[in-house]
Amino acid sequence: ILNVEQSPQSLHVQEGDSTNFTCSFPSSNFYALHWYRWETAKSPEALFVMTLNGDEKKKGRISATLNTKEGYSYLYIKGSQPEDSATYLCAFSSGNEKLTFGTGTRLTIIP
Amino acid sequence: DTEVTQTPKHLVMGMTNKKSLKCEQHMGHRAMYWYKQKAKKPPELMFVYSYEKLSINESVPSRFSPECPNSSLLNLHLHALQPEDSALYLCASSPRAARTGGSGTEAFFGQGTRLTVV
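Residue numbers (this note's numbering), protein chains in the order written: chain A, 1 to 111; chain B, 112 to 229.
These are calculated hints, taken from the structure and not from any lab test.
Treat the hints with caution; some may be incorrect.
[Stated by the list, open to error] Lysine-lysine pairs mimicking BS3-like chemistry, simulated, CA-CA at most 27 angstroms apart: (1) Lys-42(A) x Lys-59(A); (2) Lys-42(A) x Lys-152(B); (3) Lys-120(B) x Lys-130(B); (4) Lys-151(B) x Lys-42(A); (5) Lys-149(B) x Lys-129(B); (6) Lys-42(A) x Lys-133(B); (7) Lys-120(B) x Lys-152(B); (8) Lys-42(A) x Lys-120(B); (9) Lys-130(B) x Lys-42(A); (10) Lys-98(A) x Lys-149(B); (11) Lys-98(A) x Lys-130(B); (12) Lys-98(A) x Lys-59(A); (13) Lys-98(A) x Lys-120(B); (14) Lys-164(B) x Lys-120(B); (15) Lys-42(A) x Lys-57(A); (16) Lys-129(B) x Lys-164(B); (17) Lys-151(B) x Lys-120(B); (18) Lys-42(A) x Lys-149(B); (19) Lys-98(A) x Lys-152(B); (20) Lys-133(B) x Lys-98(A).
These figures come from a predicted structure and were not determined experimentally.
Construct the entire structure; sequences and hints are all you get.
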């Protein structure tokens, strides 16, 4: 059974502050690490798919890093806005079509 | 069109009913997925279809029966479900299936069907 863990489980951040959270995954049989944002009553939306150790990806104020040797990825949000409130899920792939999801970090931005 | 459409959005069914969930995408994706999500848990993979063939069945009970009639459509047939099967059922698709590097590309999700078994 693959263990994909995310921390913290929930987070309250003041608008304008920056924040980050962690995804831990198995360091063996790594193929890809996905990040998704899931807003209430909407579909999960892909943020990043990362495949290479040391990868850094950025989309606007959100960025992510990947360390496959030690099995972790960080997601950073700079200058949080109310629209960033969502659950952020990471998902691990070992190369077949199966994604194993973490339990998510629920982020609430306080105006 | 970058949408995955799931119908119905909500479904209440009795334990003796037969119902179907439907998922549709018109992005030309060749991999389609069913996930089940219970409250405060991560989505769990149920089935994967790759090039319209079932490629992964995560030991799902036979009361759930998937079907992929064509490359755009994925169904989940439900029969004799139990109350513990109540959950959010998510469909997803992705551009590539495993033999061309699946799971290295993002998955596109529908909004899900909220199923309640009474």
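Do the hints match the structure? See the list:
no., hint, verdict
1, Lys-42(A) x Lys-59(A), "holds (20 angstroms)"
2, Lys-42(A) x Lys-152(B), "holds (17 angstroms)"
3, Lys-120(B) x Lys-130(B), "holds (13 angstroms)"
4, Lys-151(B) x Lys-42(A), "holds (16 angstroms)"
5, Lys-149(B) x Lys-129(B), "holds (21 angstroms)"
6, Lys-42(A) x Lys-133(B), "holds (17 angstroms)"
7, Lys-120(B) x Lys-152(B), "holds (20 angstroms)"
8, Lys-42(A) x Lys-120(B), "holds (11 angstroms)"
9, Lys-130(B) x Lys-42(A), "holds (23 angstroms)"
10, Lys-98(A) x Lys-149(B), "holds (18 angstroms)"
11, Lys-98(A) x Lys-130(B), "holds (26 angstroms)"
12, Lys-98(A) x Lys-59(A), "holds (25 angstroms)"
13, Lys-98(A) x Lys-120(B), "holds (24 angstroms)"
14, Lys-164(B) x Lys-120(B), "holds (26 angstroms)"
15, Lys-42(A) x Lys-57(A), "holds (24 angstroms)"
16, Lys-129(B) x Lys-164(B), "holds (23 angstroms)"
17, Lys-151(B) x Lys-120(B), "holds (19 angstroms)"
18, Lys-42(A) x Lys-149(B), "holds (16 angstroms)"
19, Lys-98(A) x Lys-152(B), "holds (17 angstroms)"
20, Lys-133(B) x Lys-98(A), "holds (21 angstroms)"
Every hint, counting from the list given before, is met by this structure.
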